[in-house]
Amino acid sequence: MEKHIVKILSITEVTHDVKSFRIEKPAGYGFMPGQATEVSVNKPGWEKERRPFTFTSLNEESTLEFTIKRYADHNGVTNQIHQLVPGDELILRDVWGAIEYKGPGYFIAGGAGITPFIAILRQLKKDGRASGNVLYFSNKTAFDVILENELYEILGKDAHFILSKNETPGYEHGYINRAFLDTNVTDLRKHFYVCGPDRMISDVNGALEQMGVQPDAVVFEK
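Numbering-wise (full-length UniProt numbering), the sequence shown opens with residue 1 and increments by one.
No wet-lab data here; the hints were simulated from the structure.
All values derive from a computational prediction rather than experimental measurement.
Quick reminder that beta carbons are idealized off the backbone N, C-alpha and C, glycines included.
Among the hints, a few may not be true.
[Claimed, not checked] Here are the computed lysine-lysine pairs in the DSS-like style, where the Cα-Cα straight-line distance is at most 25 Å:
| no. | residue 1 | residue 2 |
| --- | --- | --- |
| 1 | Lys165 | Lys19 |
| 2 | Lys69 | Lys3 |
| 3 | Lys190 | Lys222 |
| 4 | Lys165 | Lys126 |
| 5 | Lys165 | Lys125 |
| 6 | Lys190 | Lys102 |
| 7 | Lys165 | Lys190 |
| 8 | Lys69 | Lys140 |
| 9 | Lys125 | Lys157 |
| 10 | Lys125 | Lys19 |
[To be verified] Computed spacing ranges between beta-carbons, pair by pair:
| no. | residue 1 | residue 2 | range |
| --- | --- | --- | --- |
| 11 | Ala179 | Glu2 | 38 to 48 Å |
| 12 | Ala142 | Glu2 | 20 to 30 Å |
| 13 | Glu209 | Arg93 | 44 to 54 Å |
| 14 | Gly87 | Gln214 | 40 to 50 Å |
| 15 | Thr12 | Lys140 | 30 to 40 Å |
| 16 | Glu61 | Asn166 | 27 to 37 Å |
| 17 | Lys165 | Leu9 | 26 to 36 Å |
All chains, please: the whole structure from these sequences, using the hints.
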């Protein structure tokens, strides 16, 4: 297994509990939009605590980016990463992941599950191929929405933000479930890209199966 020690170059606040980390890119290191790697903090006691994070930069860039949500309810890896500063080091490993763009479709994301789709949508925008794709992005509140303005810029009226906790002007309210999909999905022949909490993935995939979507049209991390 490859192992690369890289420095953090810069850190950007994205939401109240999400930061983007711009880091060094090892020579010859490449990935496809939607792929991930296992990351650990290069500090005593944390080197072997590995967690998967998706690249949110594009492969052609000279640096790498991860957009990481902090889970502060326990002293885990994300909590440690959010305490780092530029100059601190991370450990990267092999690239992996089954989420890749296969054609126009519906991107269905919950919370930090948007991260595999960020690089995909950025690449589509750069290539002039974003049209024909629709995003349904579920969060608890408007304060939790990651990169809302950029997603609007990429997809325009085809970017939909659904809030499950609060009713907020300018946002849809509810849950992405079978009833939601029945109402909003108009073309079952398209691809479906699904990422979020395990329960959400299971529920959405089950609903799509009931609706008659072919299994090979559903793209998710197995």
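So which of the earlier hints does this model not fit? 4, 5, 7, 12, 13 and 15
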